[in-house]
Every structure is written in structure tokens, then in C-alpha cells.
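Residue numbers (the working numbering), protein chains in the order written: chain Y, 42 to 453; chain H, 42 to 453.
Simulated from the structure, these hints should not be mistaken for lab results.
Each residue gets a CB set at the ideal place from its N, CA and C atoms; glycine is no exception.
Accuracy of the hints is not assured; some may be wrong.
[Stated by the list, open to error] Listed next, the stretches of chain Y that the computed footprint assigns to chain H, with coverage defined by at least 3 CB atoms under 8 Å from CB atoms of chain H:
| id | stretch |
| --- | --- |
| 1 | 46-58 |
| 2 | 62-75 |
| 3 | 85-95 |
| 4 | 326-332 |
| 5 | 335-343 |
| 6 | 346-353 |
| 7 | 424-434 |
[Stated by the list, open to error] Covered stretches of chain H, going by a simulated chain Y footprint (3 or more residues, C-beta under 8 Å):
| id | stretch |
| --- | --- |
| 8 | 50-61 |
| 9 | 83-93 |
| 10 | 149-161 |
| 11 | 164-173 |
| 12 | 277-286 |
| 13 | 423-437 |
Here's the letter readout for the chains.
There are 2 protein chains.
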Amino acid sequence: MSLNIAVLATGDELINGEMADTNTSRIATILGTQGYVISESRVVGDVEVEIERALLDLADRREVVIVTGGLGPTEDDLTARVAARAFDRRLVLNDEALQQIRAFFAHRHMEMNPRNEKQALLPQKSVILGNRLGTAPGFTLRNRNCDLFFLPGVPKEMVDMLEQQVLPRLLERSGGNAPMQERILKVFGLSEPRVEEVFNTEAMPEGITLAFGVDFPFVHVKLRASGETAGDLLDRAELKTRRLLEPYVFGTGQETLAGNVARMLTDAGLTIALAESCTGGEVAQMLTEIPGASAFFERGAITYANTAKHEWLQVPVDILQNPGAVSEACALAMANGIRNAANSDLGLAITGIAGPDGGTPQKPVGTVFLALCDGKTEQVKGYRFSGDRQRVRRMASCMALEWVRRYLIARM
Amino acid sequence: MSLNIAVLATGDELINGEMADTNTSRIATILGTQGYVISESRVVGDVEVEIERALLDLADRREVVIVTGGLGPTEDDLTARVAARAFDRRLVLNDEALQQIRAFFAHRHMEMNPRNEKQALLPQKSVILGNRLGTAPGFTLRNRNCDLFFLPGVPKEMVDMLEQQVLPRLLERSGGNAPMQERILKVFGLSEPRVEEVFNTEAMPEGITLAFGVDFPFVHVKLRASGETAGDLLDRAELKTRRLLEPYVFGTGQETLAGNVARMLTDAGLTIALAESCTGGEVAQMLTEIPGASAFFERGAITYANTAKHEWLQVPVDILQNPGAVSEACALAMANGIRNAANSDLGLAITGIAGPDGGTPQKPVGTVFLALCDGKTEQVKGYRFSGDRQRVRRMASCMALEWVRRYLIARM
Chain Y
42 MSLNIAVLAT
52 GDELINGEMA
62 DTNTSRIATI
72 LGTQGYVISE
82 SRVVGDVEVE
92 IERALLDLAD
102 RREVVIVTGG
112 LGPTEDDLTA
122 RVAARAFDRR
132 LVLNDEALQQ
142 IRAFFAHRHM
152 EMNPRNEKQA
162 LLPQKSVILG
172 NRLGTAPGFT
182 LRNRNCDLFF
192 LPGVPKEMVD
202 MLEQQVLPRL
212 LERSGGNAPM
222 QERILKVFGL
232 SEPRVEEVFN
242 TEAMPEGITL
252 AFGVDFPFVH
262 VKLRASGETA
272 GDLLDRAELK
282 TRRLLEPYVF
292 GTGQETLAGN
302 VARMLTDAGL
312 TIALAESCTG
322 GEVAQMLTEI
332 PGASAFFERG
342 AITYANTAKH
352 EWLQVPVDIL
362 QNPGAVSEAC
372 ALAMANGIRN
382 AANSDLGLAI
392 TGIAGPDGGT
402 PQKPVGTVFL
412 ALCDGKTEQV
422 KGYRFSGDRQ
432 RVRRMASCMA
442 LEWVRRYLIA
452 RM
Chain H
42 MSLNIAVLAT
52 GDELINGEMA
62 DTNTSRIATI
72 LGTQGYVISE
82 SRVVGDVEVE
92 IERALLDLAD
102 RREVVIVTGG
112 LGPTEDDLTA
122 RVAARAFDRR
132 LVLNDEALQQ
142 IRAFFAHRHM
152 EMNPRNEKQA
162 LLPQKSVILG
172 NRLGTAPGFT
182 LRNRNCDLFF
192 LPGVPKEMVD
202 MLEQQVLPRL
212 LERSGGNAPM
222 QERILKVFGL
232 SEPRVEEVFN
242 TEAMPEGITL
252 AFGVDFPFVH
262 VKLRASGETA
272 GDLLDRAELK
282 TRRLLEPYVF
292 GTGQETLAGN
302 VARMLTDAGL
312 TIALAESCTG
322 GEVAQMLTEI
332 PGASAFFERG
342 AITYANTAKH
352 EWLQVPVDIL
362 QNPGAVSEAC
372 ALAMANGIRN
382 AANSDLGLAI
392 TGIAGPDGGT
402 PQKPVGTVFL
412 ALCDGKTEQV
422 KGYRFSGDRQ
432 RVRRMASCMA
442 LEWVRRYLIA
452 RM
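Using the sequences plus the hints, can you model the full thing?
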């Protein structure tokens, strides 16, 4: 059963241009995974009359209102007070909330500021929503047919509370099962129109709806189904999608390309070393952002200057002179050179022209060569990526990681 | 004179989790530069009754309503039709709008789809707002005391029309001159509360208002002034702010830390080489993202394994054993080692524990040592950064760049 849901974000910083409201889209995404669609979202500043008016108006017309922000300890945190007034309740000290706030500070061996006690003042007959990650407890209250959920504005805290405490209550209210389930397949190496085209001629199982999204340079295929057989349907649809888009699907849900490559390297017990030129450390940055990267990452060389390519990677001076640093021969020499230097299982190299300067008619901006070697086999290939410096670097970095992913799959 | 302004963004994709609404914050930022503050923003889907209700409600309570989206040629582009109904006007073919649409296609030697004619159907007594960048003309209409502006949802088109056509009309309505000018000073190395504290005891020139914002790990100080003397006032306020926050202000406006360091290195004609451990290439990535980085960036070593630190940076085995890779001694050896290897003017090294694993009681997660040397002088220091892996790495990377910035300033 679907619900009529609205979101209200509060905070001066969200409407004076200082900061974009990202909470609303986070909420929409999380609710969307369960098939809930938001009917309306609003943002108002820290102004009592604006908050009150929005609360009353929304409570009157929606079944669920999710409010974020204004639960902090300072003067401009008005939400609990305004909610109490809007719905004709007294503002009372909630013992459970006070205990949670005290416990938060005690657990961290921090002294509690008396101002934080204010955060335990909630409208009468509220049910508190515990906050594992911060001091501001949330709360929920019912006004006639509307359930209002009040969450902190800090995104990490808000998301945790939404998933752990609000979603189960929404599911309960809508009859115990999620109206919809969603599975996201992540694609790299095909444009969105190309991905959509594939599905024009191939039908999904009955009951599956499709949506597409872009998170450059990735395309997301969203499979959705509802009802009791949704899980089975999605399994079948996922299989079919993977087959149709083979080998371009690199992950599902919250997985990332770098995260999956890191996991596969760790599982395979293989080490890798990187030689980057035009990507300037971006591939290393992406891989080492994953906790535990030292298990598979030996070292990386960012060899901008030719001397560095020669000294650290033993790229022959001949190659650097002709065909030059941006060439198949140089990429191969770099990959083998870094593998030897690091004594790693794999060597991966990227060299190219990210722009805006440095392009020539033969090698325009966007020309990038990748090479991957393991001591027995080696592969090398040239690309022409389009876009500005940042996009060329990003495409090159992701393509390099995708090479490693496919290498590891082929090896399994 | 200030105005009571609301924003309404329309589009299913903005509330079903597919896409975040970025137009509202763009509008807030652009209006904010002139001192206009938005009172409220809303998002609704492509649903006639929702759009109509929001239009009526907002027109009733605000002086200005800026609406984005729903001006395209397809069935779910409802805005003009709904606006006509909401404000009791007929929907009529606007000749000027039709000509602009035809001209858009003709200019690009493209054939016009008959569907695009629909985009010229506007509510009676609307004034069209030309669109230089797309097919959808915007329009404005007055309903009692409220001016409503209807703009396309495509951000580039929306921004252009807002700046070129809506802003002048707002200025006219608020009496002919911009209510405010803004200058942003960017700070690194002080928390927001610490920055605010500095201003508690020091008054700005009369007529300057202050605001603060956080873009982790940076703090933004926003100086605002209005009237004819605004430019002078801001100059004086900037000088005073820089003096108060010395040496923590690294840039203004659109400048970035990495961009300023890159420019200063280029101007000074100095080269730099990096030895990164826990930051895993992030500093190199930030510096090489700047076009023209090859002028100052020689090479970077991402030495995760101790063998790499020893082989490429000549860090003595003694040091790696005790006090270990995360130590002042190792950071210094790394900085000197990379400088020697690269034959660069400067050597910069970062070694630490980004977490979540690897911490010890003596060296907890967040422990990071930085070292910078130029062959004559060297500096080294340990930090304890807080937060998760990503935040520790980000703080360490920015602090490393900040060291280079201060070194270059001291040298000037």
C-alpha cells in the first residue's frame, strides 16, 4: 500500500544559498528503494512562523511527514518547540531522551554542556527515535491521520535513523510489506542511450519495471518489482540484465567499482602496483580509499616527468623519444616496469593527455593508453575519451579499474 | 528592499529519488549574491493537482515565486497549462514564443518537431522570457501582488534566464539597486566555532554583515555589504578579516587550496615531488587536477609497503623498524628521499594511519606526520586528525597543501 508522504527540511543555510539541501534527495532515494514516492518536499528557514505553517499545512494533507533539522542545542533549533505549539501540546522533559543524551556524552568521556538538556524537551506524547550517532534524539508524534517524524539535519544521523526507525514504521503502516523492491545494477563502459537500446528489444519478466540513471561515468539500471514474488522476479530480471549487458555490469546496490576491485584482489590474494601519468594518482586514490587496501596495494608511481618514467619504471629512453610517453609502447613498458619495481602480481599503467593543453593532431586531448601485465600475459590499448580534464581523467581511471576487474573475472 | 520569495521545482524525477533537485540551491546562491533570501522552497512531481495547489498557495503568500521545470514539449510538461488554470487565464499561442522556438531550430539547421509548438502555448497576459540556450521559452505573469517566473528545469538554461531576465526584474521591483554584495574568504585549519569566536570580540566596519559556512575541511567567512560604498566596505572588511585570521585564509571566491598552491608554485618557478603513504595519492590527485600541473609537478610516490619507502625514498631500514613508518623520522626521510629521487626543489611527505584498522594506543587512527624540505631547511610535525578514513585522509591532504602554501608565502 502506498502512502502520501511529504518531506520538510528546515534551516536558514538551506535557503540562503550557503548549502544545498541534500537530505530530501537522500530520503527520496531511501524511501524509493521500498517503493515509496514523496508527494511533496519543502524547505523553510529557521523561522517559527514558517515552520509552524508548513507543519500544519502538511499534517493536514499528508499521511506521513518527515521533518529534518532544528533538533540541536542552540537558540535557532526551534523544531520541537514549534511542533508542540502547532499541535497543541506542552513541551515536556522526556526522561528517555535525556538519558540517551547523557549516555552519548558519558560513552565518549565528554562533558555534557547544560545546553544539551534542551534537546530532551519534546512535545507531549511523542515517542523518541534514538540517535546512535549524535546527541539529538528524534521523535515521532501522531496528529489525526498524520504520522510526523522529526529527525536531525546531520545527514549521517538522519539516514541511520530513517533506515533503522522510520522505515519499519512506514512498512507497518502500509500493511507489513514493502510496496516495492528495487535492485540497482551498475554499468560502466556503455552510454545511457546504448543501455536503454538493449532493453528496447528484450522484454523483462512480467511485473518488472525498468528505470535508468546516470552517475558519471556509470549508468544505473533500476529493476523494480512488488508483491510477494518480487524477490524471485528481481533475481530473474537481474540474471537476464547481466546476460544482456555482459560484461558491462560491475556491481549492484551500494557496491562501487573500486570497492569491488579491492575485494576481488583481496580474495584472490593478489597484489597490484600502479604507474600513473595523466590520471595523477586518481586510481591509487580510489583504491586506497577502501579500508584494508594495504593487503593488495604495494605501491604507486605518479610519473609525470619522463625522467621519473625512466628511473622508476625503466621505460627505455628510445621509447620516450619515439613513439613518446603517450603510446602503447610506453604504457606497456610502464606496466612491466612498475610490476618489476614493486615485485607485485599485477602491474597497471595509464598514460595520456588529459588536457586542456598538450594535444596534437595525432594525439588529441583525451588520448589515453592503458596497459596491464602479470608477468605472463600483457594487454595494452588506446582510447579517445571526450570531455574536459576532469572527465578524461575520471574515464581513464575507471577504465583502468575495469580492466583489473575483467582480468580477475577471467582468471576465476 | 528585500522581497518575500519562494521557489517551486517540479518534476517526478526530483521526488522519486532518481535525481536531487539542484536548481533550488542554484537559485538561492544566485539570489543570495544580491542579498535576496528565499523564504521557502518546494518540490512537487508532475501531477496537475499538486502543481496547481502549490502555485495558488505560494502566489497567495509570497511576492515572488520562481518555478522551474515542466516547460518541455512532452505530455508530462504541465506547467503552462496548470498555471493558466490556477490563475483563471486562457492558454493561448504566444507568437513571440513561437518565433523564438522556430528561430532556435533554424539557427541550428535542425528540423522543428511539431510537438515543440506546444511550448508556445502560454497563459494569457504572460510576458515571455527568452531562452538563448534551449527550446523552452520561460514566461512571467502577475497575479495580484505576486510576480511568478516560470523557467525551464535544465540547469544551464534556468541559470542563464535567472541571471539575465529575472534578476533585473527583481532589482527593479525592490527599488533599482542590488540589496547586497558578497565576498567569501576561505579558511583552513580553524574550526567554525573558533572562526566565529574571533569575530565575537572584533567588530567589522559598520555596514558589514557576517555569515559563516562549512565545506569540509574548509570554513567560509562571508562578508556582505550593500549600497554604493559596498565595494570599499568589503575591501576594508577583507583586510581586517585576513589580519584577524592570519595565516588561515587561503583564498577568496572561487579559488581552491590546490589551485592556489599550483599557481604559486608555477609563479615561483619551483618544482615539487610527493611521497604519500596514508593519503594514497590524494595530494597528487588534487594538484594534478589543475591544468598545467606538469610545470611544477615532477613525480609522486605512493609508498604503501615499507620496501617501497626503502627502495624509492631511501628510508633507512632502521627507521622503518623503529620508530616505524608512522613517525617524524620516517616522514623526514621520505621528504628528503623523494626530493633527491626527483631532483625537485621541494619534497613533501605524508605518512600516517587513516584507519579504520592499524591504530595502536601510542599511534591511534588519525595519527599523521607531515614533512617538507627544500634541501636547506626542513620541517616535520605530527597531527591527530579525527573522523573516519575519508576525513583523516582529506585533512592530511589539505594540511600538506597548506604547508606548501605557507612555505611559499614565507619565501616571497
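Practice prompt. Of all the hints given earlier, name the ones this structure violates by number, lowest first.
Written response: 10, 11, 12
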